[in-house]
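Protein chains in written order, with my numbering: chain Y, 1 to 307; chain E, 1001 to 1629; chain D, 2001 to 2316.
If you are wondering where the hints come from, they were derived from the structure by calculation, not from laboratory data.
Quick caveat: nothing in here was measured; it's all calculated off a predicted structure.
C-beta atoms are modelled at their ideal positions from N, C-alpha and C, and glycine is treated no differently.
Some clues are possibly wrong.
Below, simulated DSSO-like cross-link-like pairs (lysine-lysine); rule was C-alpha separation at most 27 Å, straight line [said to hold, decoys possible]:
#1 Y:Lys212 / E:Lys1400
#2 Y:Lys212 / E:Lys1382
#3 E:Lys1027 / Y:Lys304
#4 E:Lys1027 / Y:Lys305
#5 E:Lys1404 / E:Lys1477
#6 Y:Lys39 / Y:Lys212
#7 Y:Lys304 / E:Lys1020
#8 E:Lys1361 / E:Lys1407
#9 Y:Lys305 / E:Lys1382
#10 E:Lys1020 / Y:Lys39
#11 Y:Lys33 / E:Lys1311
#12 E:Lys1035 / Y:Lys130
#13 E:Lys1009 / E:Lys1174
#14 E:Lys1581 / E:Lys1311
#15 Y:Lys130 / E:Lys1358
Partner residues are not named here, just some residues of chain Y that face chain E (Cβ under 8 Å, in silico) [said to hold, decoys possible]:
#16 Asp135
#17 Ala199
#18 Arg203
#19 Val207
Single-letter residue listing:
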Amino acid sequence: MTEEIIKTKEEEVIAKLDTFDELPDAPPKRRIKLSWVGKLSVAVVAFWLLIVVIGPYIAPFHEMDMDGDDSFLNAHSNEYGTFFLGTDYLGRDTLSRIMFGARNTIGISLLATLFAYLMGITLGILAAVKGGWIDMGISRINDAILALPTIMLGLIVIAALGSSIPILIGTAAVIYATSVFRIARALGQDIMVQDFVEAAKARGEGVWWIIKSEVLPNAAMPLATDFGLRLVFVVLFISSLSFLGLGVQPPASDWGSMVRENLQGLTYGSYAAIWPALAIATFTIAINLIVDDISAKSGGMLAKKMV
Amino acid sequence: MAEKLLEVKDLRISAYNDEKVEIPIVKGVSFDIYKGQVVALIGESGSGKTTISLASLSYTKPGLEFSGGEVLLNGEDVITMPPLRQREIRGANVAYLAQSAAATFNPAITINEQVTESPVLHGVMSQEEANKRAVELYHALELPDPNRIGFRYPHQVSGGQLQRLMAAMALCGKPDLMVLDEPTTALDVTTQIEVLKAFKKVIREENAAAIYVTHDLAVVAQVADHIVVLYSGEVMEQGSADEIINNPTHAYTRRLMDAVRPKPVAGMGTDVGTEHERELPAMSVENMTAGYGGIINGEPAVTILRDVSVKVENAHVVGVIGESGCGKSTLARVMAGLLPQAKGKVKLEGEELEGGIKDRKLSELQKIQFVFQMADTALNPKQVIGDILGRPLEFYHGIKGREKHAKVAEILDMVELPAEFASRYPAELSGGQKQRINMARSLAANPEVMLCDEVTSALDSIVGANVIKLLTNLRDKTGVSFVFISHDLSTVASFADEIVVLYAGRVVEQGPTDEVLEPPFHPYTRLLISSVPELRIGWLEDTMQKREMAVGIARGVEITAVGCPFYNRCPMAIEATCDVKDVPIRELKSGHQISCHLTIEELQEAEAHTQKILHGFEKVGDDKPQKPA
Amino acid sequence: MMMQMVLRRIGIGFATLIVVSIIVFLATSILPGDVAQIILGQSATPETLAALRAELGMDQPGYVRYFSWLGDMMSGDLGISKAGGATIASLIGGRLGNTMMMAGWVALISIPISIALGLWAAMHPGTWLDRIVTFGTLSLISVPEFFIATILVLILAVQLHWLPSTAYMTGEESFLELMRALAMPLITLVIVVSAQMIRMTRAGILNVMNSPYIEMAILKGVPRGRIILRHAFFNAIGPIINVIALNLAYLVSGVVIVETIFAYPGLAKLMIDGVQTRDLPLVQACAMIFCGTYVILILLADVGSIVSNPRLRNPK
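Make a model of the complete structure from these sequences and hints.
If you want it as C-alpha cells, here you go:
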C-alpha cells in the first residue's frame, strides 16, 4: 500500500520533470500595488489636477475681485458670498485665488517638466546610443549647467530677461532638462550594454529600431517614476521664484506669490499665507508618496534580519 | 556511532506572496547529522536545498518563514530560540560558506578582520589567538603568503583564494557544523579541484561536521558521507554516499545521474552525416589576433586572442574549451562581428568578411547567429516571445503578418515548446525555456553557423542535458554548423565533432574530438581532462596523485606575448625554451594539432608515465614526483 | 591610480568653473541686450548711447569683454554697483561673512544630527519610529523652504512669542542676542538640510544592506550595531560624503529663501535685491561667489568618494 503511494509519487515527480524540464520560475507579475497611503495620495493629486482644469469655473469669486469686508479676515460671509478661507491682504477671497492659482503653479510646472523631459530624454538617449564625441559634447555642457544651483540659474536668467510666464517655463525646462538628461543617459547606457541590445546589434538592426524597440520600452517605467520627482522639484522651483517676487507677477494668482503677499498677515492671526503653502505641500507630498510607494522597498528586507 | 549533532525533523518553510497566501518551499524534510560527518543536500534550483541548509543557522532568506518542524542543534531547537541566542550560535556553533566569496567578503574591511571577527565577537578566543589560528588555517588551506595574506583587502586576492579564505573564516571559530553552499560552483574545474581538496583536508583535520549543498553529483561523490536528494522541497531519497552513488533506487536520483556527463574519453565524438557536406568550410578564422583598446600595428592595447586559426566545417560542431578568461567568448564575438579583429581573416563560405557588423552585408549577418550565454539578459523583458522570434523573420526574410505567425509557431515547435508561448513574456518562462527561446531566435534567422556561448552553463544538469539533446537534433535536421563554447569539457566532448582547446588566448590543441581525447595530449588538455570530477567515490584522492595536480593548479594564468602561455603551470616545461621560443605546431593524424615544444614522442612517453602513476598510485604513494614550488 | 583620478577631478572642477563663469557672463552681459539702452531708457539719444557704450566697453567684441571681466574678478575688482555707485566689493564684504557664519552653524548642527538619525533609522527599518522619520523627512523635502519658515514663524514667533520673526542684526549684540536673532533662520535651514541628509544617509546604508556580505555578517552572528557601523557604514561612506557635500551646496539655494523671509543681511538677500533692481554687475559677482562655492563643494564630494573607496585606496 505505502509502497504504491511512493511509486505514484515518484511517477508524479518524473511526469512533472518531463512536462516542464525543470521547476518553472514563479511568474513575477509586476503589478503596481499601492498601499492605502499611496491610494490617498493618488486621490490628492487627482483632486488638484481636476482643480487645474475646472478651478476657475467653480471658484466662488474671480481671482482679482476685492469683495471681502476687509483684508486678512478669516472665514466670513457678506452680500457677495461666503469667504470659506478668509481674505488676503487686498480683501480677495483666498479660496478662489487658490483655485485660480492651481492653474499657474501646477500648469506652469507641468508644462516645464514636460518640455524638460522632451529635451532631456531626446538628448540623453541620443548620447547613450551614439556615444563618442556627441556624448562627450552634450555631457560636458550638461555637467556645467548642472554644476550651478538651480535657483541661481533662475535668478541670473530673470535678472537678465525679466520675469514672464514663457520665460519661467523655458528656464525651468532647460534647468531640469539637465537632470533628466543625466538619468536618461545613464538608463540608456545601462540598457545599451544589455545582451538583448547586443543581440539586436549583431542582427544588424539600425539605431532607431534599437531605440524604439529595445531602449525606450525598458526605460519607460523608471523615467515615469522620475517624472513625479522632477515635477515636485519644478513646483518648488517655480513657487520659490514666485515667493521671491520673481515668478508669476501680480495680480495673477500663484501659490508661491500668495504666501509672500500674505506673510505679514501672520502677525495679525491671518492664515491667508498658510492655505496656499498647504496647497503646495499637499500636492508635492502626495506625488512623493506615490513615487515612494511604487519604488521597490528593498533594502529593508535583509536589515530586518539583524539581531 | 558518533553523537548526533543536528536533527532536522519535519522541517517546513514557506514563502508568502502579496496576497499573504502561503507557498510551501520546504515540505517536511527530515535528516540527521552526526559529529564529524559530511551530509550533502543535492538537488536542482528550486529544490529548497539552500533554504534547508540555512535553517541550521536559524535563518531564512527575506520573504521566507519557518512554518513547522524542528531543527535541533545539540538538542536545542534553533527555530524557537530567542533572537539573542540565535546570534550566539551563528558563527560560533554553525558557520556558513557562501557560493560566491567575491560577493560575501566585505570590500572595505581587511581579510584578517573578517576571518577573525566572529570568534572574537562571540568571546570564543582573544584577537591574538584568533589571528594565530587564522594564519594556521591559511597554511592548512595552502594559501600563498599565509603570514601576510590577511592584511590584504578582498579585491587584492584571486577568486579561488577567496573561496579558501572563506573556509578559513568559517573554521576560525571552531564551529561544530559548517554549511557549505555550492562553494565550488563558480570556479573553473582546475581551481575547483584545488579548493575541494583543501576543504576536504581541513574538514578531516578539524573533525568538523558539514552540510554540503550542491547540484553536482560528481562533487558530492568526493566529499559526502551521507547524501540527501531533494526535489521541490521534499526528500526523494537519502542514504550513505556509497548507496546513493552506486545503487540509487529513486527514479529522480537516476535521472540526476544520467545528466552527469561521463568522463571525456576517446570514442565520444559522433559520426557526422554526409548529407550536408560541401566543399568549403562554413566558416573559418585565420591567424586572427583580437583584443580591446586602440589598435597599433595590428596589436590591440589588451590582447585577448593571439594568432588563432579555427575552421568550422559544414554541419559540424566545433567545441571551444578553456578556463574563464582564456578568450573563448571573444573568439565568438569576433566571428559574429561584435568585436572587429586586429589582425587576420574571418571567412564565411570562403569569402572574407569585414571586421565590424556595420561593414558586413545583411545576408552575411543572417548566416552567422550569436546565441548569448544568459537567456535572462539576452531576451528583452518588454517583448513577448512572438515578437522576439518574429523580428529576425521580418528583418532578414521580410516575412510578415499571418505567415510570420505560422512560422513562429513552427520555430517554437522546433525547440519543443508549445505555440501558446508566443504570447508570453520572457519572465513567465523557466530558465531552460528561456534558453530555448534564445536559441530559437537565432534559428529563426535560418543561419549557416550558430555561435553558442556557454548556453548550458547557467542551467541545471537535467535541463542542460536536454538542451544539448535539442541542439544535436537541430544540427542533424538543419545542417547548421555550431561553434559551441563551454568551460565544461564533458559537455563539449559529448556534443562536438571537433575540439579547440584555448589557453590564455592561444589555441594549444585542436582536432577531431576522438583524437583530442586520446593520448598524447597537450599538457594543458591533460590537466583539463583530469580535473573533470568523476561520479566515483575516491576520484579526488586518485587524481591528486597525478603530478599535474601538484604543480599545475596553484599558479595563475599569464597572458604572454612570447613563448608558451602555459609555461608557468606546465609540469614538463623546458626552461629557456618554453618561456622564450615560439611554440611549434605539431601535426598528428587527420587534422589533430598540438602546440608544444615537446615532440609527439616525448608527450607520448609522459602520458604513459602518468597512466602508470594513476593506475598504481597506492604503490607510488610517498615518492610521488613533485616540482619544488 | 587614485592620485590620478583625484587630479583629474580637480582639473574637471577648474574647467567647470571656467564654463560657469562663461555662462554667468553670457547670461548677464549678452542676454539682456543693449545695457546702455536699458540704463538710459527713453531719454537716449544716439550720441549719449554711443558714449555710454564706449564707457561700458560695450563697443568691444564679446570675448574681449569676457576676458577683461574675468581678469577684474580675479584681481578682486568686482565692479561698481549701479545703485548708489558703491563698489561691489564693499557691499559684499560684510554680507558674505554673515552668510558664511549662518552656513557654518547649519553645517555644524545638521551633519551630526543627520548622520546619527540616518544610521539609527537604517538600523531599525520598518519600526514605527523609522516610519515617522521616513514620512517626516519625505514631507519636509517635498515642501518649499518658505513653507517651513512660515509655519515656524506662526508657531515660534506669532503664537508662542519665543523668537523674533526677523533676523535683524546691528553687529553689536552679545552672543546670546546674536543666537536669538539667528535662531529662526538657523532652525529653518537645519530642518531643510537635515531632512535630505537623513533620508539619503538611511537610503545609502540600506542600499549597502542588500549586499551578500551583510547577509554573511548576520550569519556570522555580528550584532546589529556593528553591522551598521563597521560593515555597512564603511561601504556607504562614499555616498554619505557625497550627500553631505551636496546638501551643503544645497544650502546655497536655501539661504536665498531664508534670508529673504527673515530679512537676514546676507549675500543672498543682496543678490535678490540686485535681481529686482536689475543691478547686473552685482548679480554677476554674487552669482560667481555662490556658483564657485557650489562647484568646489561638489568637487570635494567627488574627491571624498574616490578617497573613501577601498579598491582605489589599496590598489592590487
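Here's how the hints hold up against the structure:
no., hint, in the structure
1, Y:Lys212 / E:Lys1400, "19 Å, holds"
2, Y:Lys212 / E:Lys1382, "12 Å, holds"
3, E:Lys1027 / Y:Lys304, "25 Å, holds"
4, E:Lys1027 / Y:Lys305, "23 Å, holds"
5, E:Lys1404 / E:Lys1477, "21 Å, holds"
6, Y:Lys39 / Y:Lys212, "32 Å, violated"
7, Y:Lys304 / E:Lys1020, "18 Å, holds"
8, E:Lys1361 / E:Lys1407, "24 Å, holds"
9, Y:Lys305 / E:Lys1382, "34 Å, violated"
10, E:Lys1020 / Y:Lys39, "20 Å, holds"
11, Y:Lys33 / E:Lys1311, "55 Å, violated"
12, E:Lys1035 / Y:Lys130, "62 Å, violated"
13, E:Lys1009 / E:Lys1174, "25 Å, holds"
14, E:Lys1581 / E:Lys1311, "26 Å, holds"
15, Y:Lys130 / E:Lys1358, "14 Å, holds"
16, Asp135, "18 Å, violated"
17, Ala199, "6 Å, holds"
18, Arg203, "6 Å, holds"
19, Val207, "11 Å, violated"
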